[in-house]
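We have chain A already, so just place chain B on it with the hints.
Just so you know, the protein sequences line up as chains A and B, in that order. Quick note: the first sequence uses the numbering used here, first residue 1, plus one each step. Quick note: the second sequence uses the numbering used here, first residue 1, plus one each step.
Please keep in mind that the hints were generated in silico from the structure rather than gathered at the bench. Some hints here could point you the wrong way.
Said to hold, decoys possible - List time: in silico BS3-like cross-link candidates among lysine-lysine, alpha-carbon distance up to 27 angstroms:
1. B:Lys422 to A:Lys155
2. A:Lys112 to B:Lys451
3. B:Lys349 to B:Lys377
4. B:Lys41 to B:Lys195
5. A:Lys243 to A:Lys230
6. A:Lys186 to A:Lys243
7. B:Lys422 to B:Lys451
8. A:Lys155 to B:Lys451
9. B:Lys343 to B:Lys374
To be verified - Reference listing, derived: stretches of chain B covered by chain A, where coverage requires no fewer than 3 residues with Cβ under 8 angstroms from a Cβ of chain A:
10. 310-319
11. 439-446
Every residue, glycine too, gets a C-beta built ideally from N, C-alpha and C.
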Amino acid sequence: MKPRLLEIRNLHASVDGREILHGVDLEVNAGEVHAIMGPNGSGKSTLAQVLAGHPAYTVTEGSVTFDGKDLLAMQPEQRARDGVFLAFQYPVAIRGITNAYFLRSAVNAVRKARGQEELGPLEFMETLEAKLKLIGWDDSYLSRPVNEGFSGGEKKRNEILQLAVLEPRLAILDETDSGLDIDALKTVAQTVDRLRRPDTATVLVTHYYRILTYVLPDYVHVLSGGRIVKSGTKDLALELERKGYDWLREEAAVG
Amino acid sequence: MTSGIEAQVLQPYKYGFVTDIEADVVPPGLNEDVIRLISRKKGEPEWMLEWRLRGYRHWLKMAEPHWPNVTYGPIDYQAISYYAAPKVKPTLESLEQVDPKLLETFAKLGIPLEERKRLAGVAVDAVFDSVSVATTFRGTLAKQGIIFCSMSDAIREYPDLVRQYLGTVVPQTDNFFAALNSAVFTDGSFAYIPKGVRCPLELSTYFRINASSTGQFERTLVIADEGSYVGYLEGCSAPMRDENQLHAAVVELVALDDAQIKYSTIQNWYPGDEAGRGGIYNFVTKRGKCAGRRSKISWTQVETGSAITWKYPGCILQGDDSIGEFYSVAVTNNRQQADTGTKMIHLGKNTRSTIVSKGISAGHGQNTYRGLVKILKGAEHARNYSQCDSMLIGDQCGAHTFPYIDVRNSTAIMEHEASTSKIGEDQIFYCKQRGISGEDAVSMIVNGFCKEVFKELPMEFAVEAQRLLSISLEGSVG
Numbered sequence: 001m002k003p004r005l006l007e008i009r010n011l012h013a014s015v016d017g018r019e020i021l022h023g024v025d026l027e028v029n030a031g032e033v034h035a036i037m038g039p040n041g042s043g044k045s046t047l048a049q050v051l052a053g054h055p056a057y058t059v060t061e062g063s064v065t066f067d068g069k070d071l072l073a074m075q076p077e078q079r080a081r082d083g084v085f086l087a088f089q090y091p092v093a094i095r096g097i098t099n100a101y102f103l104r105s106a107v108n109a110v111r112k113a114r115g116q117e118e119l120g121p122l123e124f125m126e127t128l129e130a131k132l133k134l135i136g137w138d139d140s141y142l143s144r145p146v147n148e149g150f151s152g153g154e155k156k157r158n159e160i161l162q163l164a165v166l167e168p169r170l171a172i173l174d175e176t177d178s179g180l181d182i183d184a185l186k187t188v189a190q191t192v193d194r195l196r197r198p199d200t201a202t203v204l205v206t207h208y209y210r211i212l213t214y215v216l217p218d219y220v221h222v223l224s225g226g227r228i229v230k231s232g233t234k235d236l237a238l239e240l241e242r243k244g245y246d247w248l249r250e251e252a253a254v255g
Numbered sequence: 001m002t003s004g005i006e007a008q009v010l011q012p013y014k015y016g017f018v019t020d021i022e023a024d025v026v027p028p029g030l031n032e033d034v035i036r037l038i039s040r041k042k043g044e045p046e047w048m049l050e051w052r053l054r055g056y057r058h059w060l061k062m063a064e065p066h067w068p069n070v071t072y073g074p075i076d077y078q079a080i081s082y083y084a085a086p087k088v089k090p091t092l093e094s095l096e097q098v099d100p101k102l103l104e105t106f107a108k109l110g111i112p113l114e115e116r117k118r119l120a121g122v123a124v125d126a127v128f129d130s131v132s133v134a135t136t137f138r139g140t141l142a143k144q145g146i147i148f149c150s151m152s153d154a155i156r157e158y159p160d161l162v163r164q165y166l167g168t169v170v171p172q173t174d175n176f177f178a179a180l181n182s183a184v185f186t187d188g189s190f191a192y193i194p195k196g197v198r199c200p201l202e203l204s205t206y207f208r209i210n211a212s213s214t215g216q217f218e219r220t221l222v223i224a225d226e227g228s229y230v231g232y233l234e235g236c237s238a239p240m241r242d243e244n245q246l247h248a249a250v251v252e253l254v255a256l257d258d259a260q261i262k263y264s265t266i267q268n269w270y271p272g273d274e275a276g277r278g279g280i281y282n283f284v285t286k287r288g289k290c291a292g293r294r295s296k297i298s299w300t301q302v303e304t305g306s307a308i309t310w311k312y313p314g315c316i317l318q319g320d321d322s323i324g325e326f327y328s329v330a331v332t333n334n335r336q337q338a339d340t341g342t343k344m345i346h347l348g349k350n351t352r353s354t355i356v357s358k359g360i361s362a363g364h365g366q367n368t369y370r371g372l373v374k375i376l377k378g379a380e381h382a383r384n385y386s387q388c389d390s391m392l393i394g395d396q397c398g399a400h401t402f403p404y405i406d407v408r409n410s411t412a413i414m415e416h417e418a419s420t421s422k423i424g425e426d427q428i429f430y431c432k433q434r435g436i437s438g439e440d441a442v443s444m445i446v447n448g449f450c451k452e453v454f455k456e457l458p459m460e461f462a463v464e465a466q467r468l469l470s471i472s473l474e475g476s477v478g
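Just chain B, same shape as in the assembly:
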């Protein structure tokens, strides 16, 4: 009797359905005319189009990066459609005008948008392919001066705020995928929390890719003004398709003096099948700037989906006494590959950062942690604590760790801990001998391993994360 590693069939992806809806899709291909068309469709001002074109022109001069520890075939950027939207553009104020098929889609994903069914305590911006279809609780939030809307609306309604901050954390020239995003981004969420306001609801965006042969390029910008606090949640899913679809998003966070942003992601894009066919290429740039003194930005991510994940949510610790945190669980099963981690750039004095990364590999999955901690000259008494733990399930998978540390100030205190463990037959047998099933044993062992990250998630998200984790690892141990 073997422990039956890889013996059982993987539980099918539960969010793989397609919504049959008439869409307005721009033909595949990328050039300046396509960008002009997108900008026009969105009714953008001239400055926004110029901003996009600067990104595009820079992108043309760049090469796709191949340093991540992942392998995939060439991406044909001319074969992708850069804009897909449900035909009837809904008006945000009246949900009645939203196509019922869209409401149904989000309800099926567990994100009810109707007033009476809304998730308590969470305001949602629902993005379907290239456009935001609804933003809930907008009015309630506005009473406290909080702006929460789609990026498209923000560009039209709050151009000054957008112009002031867009691209200040992730410039158009930052990297290949960020430049591409700058050129073609179609929607995303925008949030502004005014001075001294503690946002009473968790803000959240749910991203859904539906159309085929399209990419999703959303851009999110969150600004926390002095002394404010906001918790932000992000979720996503996509239909099961044999093709690979590109998701190249950019998220920028700005925290001013004494402000705090807590950003949590549960990434559940379609991971492809057991043989590695299909799945989302999740090439994302996320960065926060602790611009103000005593500001704090905290990233928590649970990455269970995508064929390939390439992302390093980081913090620029510019303000003195600012704090950056990164808590991550990344799971790769079957043929999934992940190269993920963080960048903590310490500029200000007494800046502190914490990194806790948990990588879980099963099947033929390859999981890489890549992180940079950089202490610059002026960052007196900076501190970093890093902990990278890897867990292997089975003997066909891989775990890799690339921690880069660059210290240019001798007062810095750096701590780094790393471990690799294997879920052994002995651990599972021990649980079984106490009457616990193999599946429950794996789920228990993995959840115990991820505990330090899960405790950072908001309550309802933590439950979701544990459930997703056991689904994505289902069948990896018998």
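With the rest of the complex left out, here is chain A:
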């Protein structure tokens, strides 16, 4: 049996006193890709942010276990060092700090926490070459300040570069496919697919079916009104692509 990586039980979370998640249950095993789909405002991004530990969200009920540990008890930076990665929907810019410096700081923070030796600039650059190639970038992007002056698509690509460099055990991709043109989507999605490993898992939050043609999901879940209302295989995604989400809401209302 594949080891259980993530287990979410009856998760309730609110922001500014308003409850967004009304009891989410989800299990993710190592080696799996789960797609979480759903209409706007259904709580998809909230779920992603709560898993990463954004301070604006309060968990009011339920539990999240990551690799047997209580994820909710961990600080955001501890979660990251333990292998939880969130590709942000809206990555922020950091002025005056180059991409290379930021990436190396992140890698070294993680290495330090794991008792590994920190990497010097030259060593780090060597490991970076291959990762850059994966996303189709040259090293001019490394000397640019983090996300400053980046187009929407470049920001998303930069998130995937960070994913490739940090090699997390659980990658949560929050609408990484939105704002990308078809070619960029293909590169990004293929990179994500190439990074799949039997001991890691991916949770893809998306609106669209298209990314799933490159990153084939093992399971597809529909989040609506703060709950997972339906789960299935990739065929469910295809059905959603054809029929939209309304029929599910009706089904949920009736059920």
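Then chain B, alone, in the frame of chain A:
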């Protein structure tokens, strides 16, 4: 969970110790007799005493300025002691005669004065309270005709140079604090770089206030003769005390034809505690005159200390094609207040000035940029570029910008950019999500924000500046 802004306790000020040393302190109070006494103690010639008295008599007619955007209680000028010196006046030539306690003090501050431990590439004039206790590398520099000594020595040994330039950039009547300084200044550094000489060492002065109930009033004069170059560094610190202490210094720079002066300051006076008790009032007048053609004066300052900072290092661009620059990082945390900026006065043709100011406010800090760019009638084709960026950490602090622009020649080209940003939870969270700690995230974001200024600092100073910045902001974000 909140981001914990202001939640952690501030890291204690690391330079707040007191040196227990017997001092010769003049009783508090200010009058002509006190000025005569100071002048006599320093063995000054008559003309110097007259110069001081002119400053004092003018000061009596002036009122303390209250236009800066800072608030503080009244200063009792009669309660301040205007002269404090370690009892044994050391002889400059032999360091062995310097009280070991003084050597120890400076060593503790990271400024070793002993020959074998000296900082490579930096000549230091160490000023303790009212007097210079040692100047390193004096002999080495003298071989190239460079004069680097305390102001007191300069007045005695190079009276002609001092008389020629003292007060030519900041006259005794310039402003209230400059007039006070002219009357009572006790020491400071003097440097003269002869024609065509590129000073092989960075010259530096380290100021230390130790005695209580005293003020520090130093005066520095740097003259770069034709075609010469000098880099000057200035650092300072003071013990932690509940009282406020006044530091009213004057710095004058003169650059002749084709000369360049690069003056860097790291100001780390005691800033007071979290409640705003104690700390230095740093009321300083710094100005450079680009007297010669194609001369250049560049100010770089990192202001992290002091309860109140009030200073506008400026440039008078008199020579045609001369260049003035001002790069500043000012940090106010807890109850610190800063009203700082620059003045660029364009007189000559094709003169250029650049202003880059970065203000960072945290805690209840108030940070004001105030700058004047003045293009006078004869300044054909003058150019100025100004950039003022403010960063706020938390929601109890303030950032204010007062740029004054006065253009009297239509050929001038002026550019001004300003921005205000807030270190947001989102930025810190983004870093944390990549495994970087909150403290490191703030330090990274702030250093990125200050990058354009830090790159102007000499290497070893840049490292010091980054370290100081993270210390003064420690605890401002969780």
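We went through each hint and held it up to the structure:
no. : hint                 : result
1   : B:Lys422 to A:Lys155 : holds, 21 angstroms
2   : A:Lys112 to B:Lys451 : holds, 26 angstroms
3   : B:Lys349 to B:Lys377 : holds, 10 angstroms
4   : B:Lys41 to B:Lys195  : violated, 34 angstroms
5   : A:Lys243 to A:Lys230 : holds, 14 angstroms
6   : A:Lys186 to A:Lys243 : holds, 24 angstroms
7   : B:Lys422 to B:Lys451 : holds, 17 angstroms
8   : A:Lys155 to B:Lys451 : holds, 22 angstroms
9   : B:Lys343 to B:Lys374 : holds, 8 angstroms
10  : 310-319              : violated (count 0)
11  : 439-446              : holds (count 3)
When held up to the earlier numbered hints, the structure conflicts with 4, 10 and fits the remainder.
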